[in-house]
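Asker: Per numbering that gives the first Met the number 0, the very first residue in the sequence shown carries number 0; after that it's consecutive.
Among the clues, some could well be false.
Think about it this way: if two alpha-carbon atoms lie no more than 20 Å apart in a straight line, the pair counts; the simulated DMTMM-like pairs of lysine to aspartate or glutamate are [as the list claims (entries may be wrong)]:
| hint | residue 1 | residue 2 |
| --- | --- | --- |
| 1 | 167 | 155 |
| 2 | 8 | 51 |
| 3 | 167 | 51 |
Pair by pair, the computed Cβ-Cβ distance ranges are [said to hold, decoys possible]:
| hint | residue 1 | residue 2 | range |
| --- | --- | --- | --- |
| 4 | 30 | 126 | 15 to 23 Å |
| 5 | 22 | 79 | 20 to 28 Å |
| 6 | 130 | 29 | 20 to 28 Å |
| 7 | 110 | 152 | 18 to 26 Å |
Calculated from the structure, these hints are not laboratory results.
Beta carbons are placed, not taken as given, at the ideal position from N, Cα and C, and that holds for glycine.
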Amino acid sequence: MKRSMPRAKQLSLAAVFAALTAVGALISIPFYPVPLSLQTLFLYLCVLILKERAPLSQGIYLAMGAAGLPVFARGMAGYSVLIGPTGGFLLGFLLASLVSGLMLSNSGGRRFAEVAAIGICMAIVFLLGWVWLAGWMGWNFSAALWAGVIPFLPGDFLKAGVALTVAKKIRL
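Hey, can you work out the whole structure from these sequences and the hints?
Answerer: If you want it as structure tokens, here you go:
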């Protein structure tokens, strides 16, 4: 995000991306134990557009869900979702947006940096989610990998490509 962007616009965009992430969660296909949704599409867009402000957006999203608003996949809500089997993926949104957003804050809009940042964003979400899922379900890492990561990789690569394309068109 440009440093010259007014604070009100930054906060408005953070709120918009929190809402888009929530809408993306509601557009989902039920899988067990991790649903397939459009959340990560909006996470990737958020990182590409808000850069170092992306964690604010994802923090708002997680706070809304923890406070009881039905913003998580399948319309779920509450703190229990954050500490449940998919909690690692959700908390990964915050860490991934922080790391990737900071990477992009001084990248000068270079395409390679954007692709790398989204790859790292994806890796952080999946890594945190995978380890958390294994621990929560009492599964070995292989079982958690096959249940919570492998089936979702093709879709996330597609969502990353869409986000990179859309963000390039709507630079703010």
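Asker: Next step is simple, just say for each hint if it's right about the structure.
Answerer: Here is what the structure says about each hint:
no.: 1; hint: 167 <-> 155; verdict: holds (18 Å)
no.: 2; hint: 8 <-> 51; verdict: holds (14 Å)
no.: 3; hint: 167 <-> 51; verdict: holds (17 Å)
no.: 4; hint: 30 <-> 126: 15 to 23 Å; verdict: holds (19 Å)
no.: 5; hint: 22 <-> 79: 20 to 28 Å; verdict: holds (22 Å)
no.: 6; hint: 130 <-> 29: 20 to 28 Å; verdict: holds (23 Å)
no.: 7; hint: 110 <-> 152: 18 to 26 Å; verdict: holds (22 Å)
Figure legend: structure checked against the earlier numbered hints; every hint is met.
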